[in-house]
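When the letters of the sequence shown are read in order and numbered with numbering that gives the first Met the number 0, they come out as residues 0 to 195.
Watch out, some of these pointers could steer you wrong.
To be verified - Here are the computed lysine to aspartate or glutamate pairs in the EDC-like style, where the Cα-Cα straight-line distance is at most 20 Å: (1) 20 to 47; (2) 1 to 70; (3) 111 to 147.
As the list claims (entries may be wrong) - Okay, the calculated beta carbon distance ranges per label pair: (4) 154 to 178: 16 to 26 Å; (5) 150 to 1: 40 to 50 Å; (6) 100 to 159: 10 to 20 Å; (7) 37 to 67: 35 to 45 Å; (8) 170 to 114: 47 to 57 Å; (9) 11 to 37: 33 to 43 Å; (10) 114 to 154: 16 to 26 Å.
Don't read these hints as lab results, they were simulated from the structure.
All of these numbers come straight from a predicted model, not from anything done at the bench.
No residue lacks a Cβ here, since even glycine has one placed at the ideal position from N, Cα and C.
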Amino acid sequence: MKIGEAQQIYREQVREYREQKLIVSRKLEEARKRMEASPKDQEKYASEAATLELTLDALDEKQTEYQEYLDKLADQYCAHWNATVAEQQGDAAKEYAADMGKLMEVARRIMKGAIVPAADEKKLMEFDNDLYQTAKSIGAMARRQKREKYDSLWKEKEEKEYDDPQEVAENAEVSGQGPDIAETVETMAMAAQPEE
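Could you build the full structure based on these sequences and the hints that come with them?
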């Protein structure tokens with residue numbers, strides 16, 4: 000099962016259990032009021048209140064189980080999300096470092112008085128105009144010596160397609176087994192049955 004699907008299923012279960020708990024809580028409150036208002040039927044209402052308290056406890060226990068599993072799913076979701084984002088950031092950092100190396104190499108070549116492509120000079124000027132001006136000044140002095148000609152350091156590159164972190168996290172397989180889904184009606188019925 001995918002994490003996104005599991006989250007949706009268990010969120011719905013938590014919501015249903017929360018709603019059932021509210022209904023049972025109101026019934027319990029009414030039973031307690033009737034018990035206080037009618038002393039002669041107190042035993043009847045006390046039995047009803049006890050059954051409702053057991054039902055409420057069973058619903059609360061199951062809701063807590065589902066909520067704890069939802070928390071585990073959230074941790075798994077975050078782990079997949081963060082792994083995808085980290086990969087993207089790692090690639091961006093590598094690309095930045097490679098570009099910085101190329102810019103320094105362009106500046107070095109200009110300082111040696113070599114001829115570099117205009118596009119490379121423009122990139123250096125856009126990155127750091129002072130470095131560019133310094134390199135050009137030093138290069139002008141070095142031109143009196145032997146000049147080399149270089150090809151551009153920036154080759155045509157393919158744009159890398161990145162996965163959407165949300166999509167990766169939602170579609171990752173759930174690790175471990177979640178609690179069995181029990182309808183609120185089943186839980187309430189089991190709580191209402193006397194223990195043997």
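Structure-based check of all given hints:
1. 20 to 47: 16 Å, holds
2. 1 to 70: 15 Å, holds
3. 111 to 147: 8 Å, holds
4. 154 to 178: 16 to 26 Å: The hint (16 to 26 Å, Cβ to Cβ) is violated, given that residue 154 and residue 178 are roughly 54 Å apart.
5. 150 to 1: 40 to 50 Å: 48 Å, holds
6. 100 to 159: 10 to 20 Å: Given a distance of about 19 Å, which is inside 10 to 20 Å, the answer is holds.
7. 37 to 67: 35 to 45 Å: Holds: the Cβ-Cβ distance is about 41 Å, inside 35 to 45 Å.
8. 170 to 114: 47 to 57 Å: Given range 47 to 57 Å: holds, Cβ gap about 52 Å.
9. 11 to 37: 33 to 43 Å: 39 Å, holds
10. 114 to 154: 16 to 26 Å: Holds, at about 19 Å.
Hint 4 from the list above is the single one not met by this structure.
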